[in-house]
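My request is simple: use the sequences and hints to build the entire structure.
Heads up: the protein sequence lines correspond to chains A and B, in order.
Heads up, the first sequence is in our numbering, so the first residue is 1 and it goes up one at a time.
Heads up, the second sequence is in our numbering, so the first residue is 1001 and it goes up one at a time.
Among the hints, a few may not be true.
Okay, the calculated beta carbon distance ranges per label pair [said to hold, decoys possible]:
| hint | chain 1 | residue 1 | chain 2 | residue 2 | range |
| --- | --- | --- | --- | --- | --- |
| 1 | A | 100 | B | 1141 | 52 to 60 Å |
| 2 | B | 1211 | A | 167 | 52 to 60 Å |
| 3 | A | 96 | B | 1211 | 33 to 41 Å |
Listing some non-contacts, in silico: residues in chain A with all C-beta distances to chain B over 12 Å [to be verified]:
| hint | residue |
| --- | --- |
| 4 | 170 |
| 5 | 190 |
| 6 | 220 |
| 7 | 307 |
| 8 | 343 |
| 9 | 374 |
Chain A is faced by these chain B residues, among others (derived, beta-carbon under 8 Å) [stated by the list, open to error]:
| hint | residue |
| --- | --- |
| 10 | 1040 |
| 11 | 1082 |
| 12 | 1086 |
| 13 | 1114 |
| 14 | 1115 |
| 15 | 1120 |
| 16 | 1121 |
| 17 | 1122 |
| 18 | 1123 |
| 19 | 1161 |
| 20 | 1163 |
| 21 | 1192 |
Think of the hints as simulated: they come from the structure by calculation, not from any bench.
Here a beta-carbon is modelled for each residue, glycine too, at the ideal position from N, C-alpha and C.
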Amino acid sequence: MRTPQSRERVLFAPVPVAPTKPLTLSHIKGLLWADVLRRATGLLHDVDHLHSHTVAHLNGQTLGFWSYLDRVHPGTDYDLLDEEQIGGLYVEFQRRRDAGGPVPAPEDLAARRDAAERHGRLHPAGERVLALWARRFRELGLRDPGLSTRRRPAASLDETVEALTGHGLCVDHRPWRGPVYLDLTARGTALRQIVGADGHPNYLAGTLRELIPLIGAYDRFVLACDRESFADYALLRDVLTALGARVSLVGLGRVRLGGSVRTSRHGGWEGRTAAPLARTFLDRVGPRPYRLGLRLYFIAGLGQGDREPFRTDLLWRCMARAHRLLECSVPAAEHELPELLGRCAHPYGYVHPYRLTTGLLATSRTTTARPLLEEVFL
Amino acid sequence: MFTQDEMFTQDELQAALAARTRRAGLAGEQRRAAAIAVLRSFDPAGFAASALEFAAVLPAATRGLWLANFTQTLFLAGNPGNVSVRHPPTTTAADGSVCWYATAPRPHYRGLCLLLRSLRGELPGDLPDTVTVTVPAAAPGAAPTAGAPAQWRLTVDVRGLGLPQYLVHLTHTLGEALITGLLRPHDRILVSHARELAPPAGGYAYLRVHRDTDAPEALRAYACLSEERSHG
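So this is what it looks like as structure tokens:
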């Protein structure tokens, strides 16, 4: 392992998933990449994982969905529903909204935001999805990033806007009920709204409230997001860098299903989420091959982009490969693992999951270091 | 100058509108050109002063182009200090709160418009009743050689106006009054914010008229410029 002097303090902050739907294949891919990145990088550096309650729950989509449920489906017992059924209601909410259905009153959204921010209070549908996700996380072998934490960010919205404005990174028109924008126009990047004219902050504002106060506490931030959020996250990276942070950014493509790449809010994931995946594979191959096989497929098989379509036959093949890797794993020499991880971390500042995982599949390799599997992949 | 004892009639408003159209037609060719104002922050005195400064420093041909295009202006949110790195403005307010880009055909500013966002917002609740601004020395026309500069009152009817609409009416009034020579260097203008607009007892020099947003089939007077004390 590295000497303590060379260890960096790293904050890993992937974009969190809102608990409004099941874990789709795209979510699973993101979570597996995040889990491997965090655990492997944690062998080289001191890594904290930021799961933001504010970003995951206090956004317009999630609060709007909860408002919709109380308006259209009052009295529902969500403990009787699974995550696909709750996700079905979410798709219904999005469809009606896109069709011009009623939108929640700003006061209602503000009250829900306040309850969630001050008291950590989530809607029963959200609590139910999180409880089900905890089970899925265990099945998938994912370390809990803090799904149940209800911590408020260290900075308020006002403090965040003030800090940004002080560095010329923000245009604040709230005094006359206008929006707040991130401003990197000097570099040719268009203004990006982070607080609406209605006063509601979006997920970028929430992320900045979390990260700006932590700039001095970490040597590096590692941000991760899907490709659709990449432009926003690149902006976050540049803003945080301008404030003095060292930032790495990982962009990840979604999983292509039936020739298309779709956002989960429009459905199309029915029967292809974490629970059916476990029903298909987990009991047949066992927990350890299941966890390793998923990582081999979703990281090395599908890769970082979104070009490769999801194929069940290849996932089965990865399960078989996982079996063999587990059988032929051997203890590693003390220096072997840090050297391997160090190679996979250069020049990113984090251990790149694709480089590490494809290394397991190298045809020249006859054995696999058991500590690597135990610490990172199982 | 017009004189009127009661509220503006629709005929009078129509006449003011027709006069504006004539002035624009005489000023030159309409080429769908516009000026641009970029606002980081807003205070009415600072904004009015920057609008006058901008109109004053424009070359004569550009002033004519602006007038021919009804002093059309796009109001964008942005920080002049940042946006000027890639898009140097024509003028910038001393405190950096506003900058202006000279009138040009719309495609000329496509990049700038993609970078920034349309200004949104309401008039602040603490909008002062009055602010005073001075016409800059660079304005066209000679300053009076004898006596004090003229004193003007510009009354803006702010009833129902958002911030962008307020800026539109103020900019049109100041810009057109300066370009047509009503306002001269060193003149002082008392900008007054009212909730109704009655014709001044002594008549007016310029009337800003546009469609009534509450009754689109009717016209409404939004701003009125009247002289309180003429050049000595």
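### Message
Interface hint check: residue 1121 of chain B, Cβ to nearest Cβ on chain A, cutoff 8 Å. Holds or violated?
### Response
Holds, because the Cβ-Cβ distance from residue 1121 of chain B to chain A comes to roughly 3 Å (cut-off 8 Å).
Original post:
Taking 8 Å as the limit, does the beta-carbon of residue 1161 of chain B come near enough to a beta-carbon in chain A?
Top reply: Status violated, d = 12 Å.
Practice item. Grab the minimum C-beta distance from residue 1123 of chain B to chain A and call the hint holds if it beats 8 Å, violated otherwise. Key: This interface hint holds because 7 Å falls under the 8 Å limit.
Practice prompt. With 12 Å as the threshold, tell me whether residue 220 of chain A passes as away from chain B on beta-carbon distances.
Written response: 27 Å, holds
(message) A range of 33 to 41 Å was offered for this pair. Does it hold for the Cβ distance of residue 96 of chain A and residue 1211 of chain B?
(response) Cβ of residue 96 of chain A to Cβ of residue 1211 of chain B: about 35 Å, so the range 33 to 41 Å holds.
* To do: Grab the minimum beta-carbon distance between residue 307 of chain A and chain B and tell me whether it stays above 12 Å.
  => Holds: least Cβ distance 30 Å, greater than 12 Å.
Falls inside 52 to 60 Å, the C-beta gap from residue 1211 of chain B to residue 167 of chain A?
42 Å, violated
message: Quick check on residue 1086 of chain B please, does its C-beta sit within 8 Å of some C-beta on chain A?
response: 6 Å, holds
Quiz item: Does the CB of residue 1122 of chain B sit less than 8 Å away from some CB of chain A?
Solution: 5 Å, holds
- Hint validity - residue 1120 of chain B Cβ closer than 8 Å to any chain A Cβ: Constraint on residue 1120 of chain B satisfied, holds at 5 Å.
Take the shortest C-beta to C-beta distance between residue 1082 of chain B and chain A; is it under 8 Å? 4 Å, holds
Interface hint status, residue 1115 of chain B versus chain A (Cβ within 8 Å)
Holds. Min distance 5 Å.
The structure fails to meet hints 2, 4, 5, 19, 21 from the earlier list, while all remaining hints are met.
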